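S.K.: Here's the letter readout for the chains.
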Amino acid sequence: MSPLFPVRSIYWRVLLALVAVCAVLAVELWQRPGLPPAAVAARPVSQPPAKLAHLAVVSKGEIPMPSGMAAAHASSLLPMPISHAAAMTVFWFSGDRESGPNVQIAASQYVRATQLWSPARFVVNRFVMGEQLGHGLRRLGNPVAWMDGMGRVNLFVVATGWGGWAASRVLHLRQSSDGNGLAELAFEPVRVLPLSWLWNTSFLVRNAALQLEDGGMVLPVHFELGIKYPMALRFDADGSYRGMVRMSQRPYLLQPTLVAQSPLVWLAYMRDQRPQGKIGVAQTTNGGHHWTDLADLALDNPDASVAALGAASSQMLLAHNSSIESRGTLDLSTSTDGHSWTLVKTLERGSFDDEFSYPALAWADGSLWISYTVDRKRIAWQRMAPGTARAGGKP
Amino acid sequence: MNAHISAWLAQVLATDAPALPAAMAQQIWLHLGWSVVLASLGANLVARWLPGRPGRLDGWQWGIALVLALWTWVPGPYSPAYWLGLAFQAPSISAVLLCDALMRKRFFPTQDGMRITEGISHIALAFACVGVLTGWALLLDTLALLPVQMYVWGFSPAAVGLLFVTALIPWLVGARSKGSGRSFVWVLTVAVLVFVVWRLPSGNVWDAVLDPWLWLVLHVYVARTLRRALRRYQGENR
Chain Y
1 MSPLFPVRSI YWRVLLALVA VCAVLAVELW QRPGLPPAAV AARPVSQPPA KLAHLAVVSK
61 GEIPMPSGMA AAHASSLLPM PISHAAAMTV FWFSGDRESG PNVQIAASQY VRATQLWSPA
121 RFVVNRFVMG EQLGHGLRRL GNPVAWMDGM GRVNLFVVAT GWGGWAASRV LHLRQSSDGN
181 GLAELAFEPV RVLPLSWLWN TSFLVRNAAL QLEDGGMVLP VHFELGIKYP MALRFDADGS
241 YRGMVRMSQR PYLLQPTLVA QSPLVWLAYM RDQRPQGKIG VAQTTNGGHH WTDLADLALD
301 NPDASVAALG AASSQMLLAH NSSIESRGTL DLSTSTDGHS WTLVKTLERG SFDDEFSYPA
361 LAWADGSLWI SYTVDRKRIA WQRMAPGTAR AGGKP
Chain S
1 MNAHISAWLA QVLATDAPAL PAAMAQQIWL HLGWSVVLAS LGANLVARWL PGRPGRLDGW
61 QWGIALVLAL WTWVPGPYSP AYWLGLAFQA PSISAVLLCD ALMRKRFFPT QDGMRITEGI
121 SHIALAFACV GVLTGWALLL DTLALLPVQM YVWGFSPAAV GLLFVTALIP WLVGARSKGS
181 GRSFVWVLTV AVLVFVVWRL PSGNVWDAVL DPWLWLVLHV YVARTLRRAL RRYQGENR
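If you read the sequences in order, they're chains Y and S. Going by the numbering used here, 205 is the number at position 205 of the first sequence; the sequence numbering is gapless. Going by the numbering used here, 124 is the number at position 124 of the second sequence; the sequence numbering is gapless.
Hints listed in this document are in silico derivations from the structure and should not be mistaken for laboratory results. Given the structure is predicted, the values throughout are model-derived calculations rather than measurements. We put the CB at the ideal spot given by N, CA and C, even for glycine. It cannot be assumed that every hint is accurate.
Listed next, the stretches of chain S that the computed footprint assigns to chain Y, with coverage defined by at least 3 CB atoms under 8 Å from CB atoms of chain Y [stated by the list, open to error]: (1) 22-31; (2) 35-46.
Computed beta-carbon distance windows for the label pairs [what the hints assert, rightly or not]: (3) Ala23(Y) - Pro75(S): 51 to 59 Å; (4) Ala47(S) - Pro33(Y): 44 to 52 Å; (5) Val220(S) - Gly149(Y): 29 to 37 Å; (6) Ile227(Y) - Val220(S): 37 to 45 Å; (7) Trp165(Y) - His4(S): 42 to 50 Å.
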């Protein structure tokens with residue numbers, strides 16, 4: 001037997017080890033970005049109506065589908081800058097069937113000049129992304145869009161490995177085209193987000209990010225391999241990943257949606273996987289450092305995705321399926337305290353087997369925009385504003 | 001002064017200022033890592049079916065290892081790295097270094113008198129036990145069954161420093177090792193150093209030092225080593 005590295009004196013070994021550890025820490029610290037500032041939620045950009053209960057539908061319809069595609073699901077709304085030709089961009093996944101091999105991420109834009117949605121086009125293809133990443137992506141789904149501090153569209157999509165949705169990872173894509181008009185909009189992969197040790201598997205994204213004052217955001221995701229739990233991921237204004245925090249100790253809550261009550265006090269509403277489910281709630285009072293579970297909302301929910309929006313200071317909106325057993329009814333409710341909710345309007349009411357699900361909310365151009373899945377085949381939208389106006393809208 | 005120390009400590013403990021690897025480095029590592037792992041596995045399998053002569057390089061083992069390694073570098077879906085990456089992402093640096101050490105031991109068995117079968121390395125066994133326990137903790141953390149978020153610590157400089165100190169313990173205490181144990185005990189040190197420079201494979205140091213496949217293999221190694229030690233003990237006391 002021989003010594004591992006022949007330095008006989010223990011003192012020399014300790015000294016050399018100390019120097020080596022200090023060198024490692026120095027390189028570590030040198031490579032890293034500075035500590036992020038405290039996470040402070042941004043104020044809503046648009047001024048909402050004083051009373052959200054008076055919102056009325058001004059236009060509604062269906063968003064054009066990519067030609068020949070029979071399935072559509074999980075839309076995400078992205079308000080565009082006021083100077084942009086489009087007021088809103090919507091992303092969703094579409095293909096022959098949900099989880100089909102030809103599923104891609106589709107997008108359409110609501111053009112201000114024409115007041116119409118543009119024809120949809122596919123903007124993310126799994127084969128192209130897989131080629132750029134160097135490894136395969138089995139299926140794509142659940143796009144969530146966010147605009148970073150430099151005006152680039154970032155897209156977070158679920159990309160599955162071997163297996164179904166439970167074998168998912170969250171893939172971060174960033175706009176690679178010069179502009180973000182629909183005709184030229186293109187993406188390149190940034191990375192698969194490192195979220196867990198177990199082959200980084202079973203994390204999914206679904207709901208919109210919470211915008212921060214520093215230009216960054218907090219992205220809600222969830223884990224769903226048997227146990228379900230929500231996580232909050234932080235990104236800086238550059239779109240760089242900064243860390244993650246578990247949001248609940250309860251093992252049956254998924255698909256969190258975030259809303260700010262005040263700059264540092266945020267609420268997370270979550271789909272509850274249990275039968276006879278309600279809507280789960282967690283709260284942070286220190287800008288996302290620590291989360292505490294709160295009592296469920298009184299609202300019924302059939303184990304279905306919900307979407308929340310902070311429309312103004314202490315005014316919140318929630319789009320949710322309101323029956324225990326069916327996704328056939330989709331409601332819009334409002335609250336000032338985050339716990340007691342009042343119905344604003346039933347957005348859709350169908351039969352037991354109908355499905356109006358996976359809502360997305362955004363505020364832009366003085367209106368509330370809502371998109372949702374219809375029977376997993378189409379994406380519908382509604383635009384609501386104060387006062388009464390023409391309903392019916394343009395497809 | 002205290003403020004400076006507090007600020008420095010906050011930086012060292014911070015989990016929200018990670019340095020993540022460049023996309024190009026991740027792609028290269030995906031192919032490099034799996035090429036070494038597959039070459040090692042391939043050579044090992046061939047050696048079981050077609051054992052060569054001790055002390056001589058075996059053409060079949062070399063050939064299979066070389067073909068597998070080169071095949072992994074083929075771009076796109078014709079490469080095993082494309083599908084292994086889909087299922088398991090990239091291997092840890094430790095796994096790749098261990099496969100490399102095993103391969104070198106197989107191909108150069110007489111270089112310093114090493115043999116495939118040799119005595120128990122207590123240091124390697126100790127590290128393997130720590131790896132098994134760490135893997136269990138990380139698995140429980142993944143399933144949110146721990147009260148703390150252990151995986152998140154892997155983004156902090158403190159975790160890197162702690163693992164580096166752990167890696168240096170055998171050398172610090174003047175431990176002596178024989179045969180393969182001698183090269184294996186340096187695996188953790190080298191893995192941490194490679195991570196510090198290139199942030200591979202994910203930017204989280206846990207992913208650099210231990211992956212689930214390596215964790216499973218460590219279970220087998222620990223079980224076999226303990227069984228061998230038990231048999232030896234029983235033989236000595238018979």
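S.K.: Determine for every hint whether it applies to the structure shown.
M.R.: Hints versus structure:
1. 22-31: With 5 residues closer than 8 Å to chain Y, the segment 22-31 of chain S meets the three-residue bar; holds.
2. 35-46: violated (count 0)
3. Ala23(Y) - Pro75(S): 51 to 59 Å: violated (37 Å)
4. Ala47(S) - Pro33(Y): 44 to 52 Å: holds (47 Å)
5. Val220(S) - Gly149(Y): 29 to 37 Å: Violated, since Val220(S) and Gly149(Y) (Cβ atoms, about 49 Å apart) do not stay within the stated range.
6. Ile227(Y) - Val220(S): 37 to 45 Å: Roughly 27 Å apart at Cβ, these two residues miss the hinted range, so it is violated.
7. Trp165(Y) - His4(S): 42 to 50 Å: holds (48 Å)
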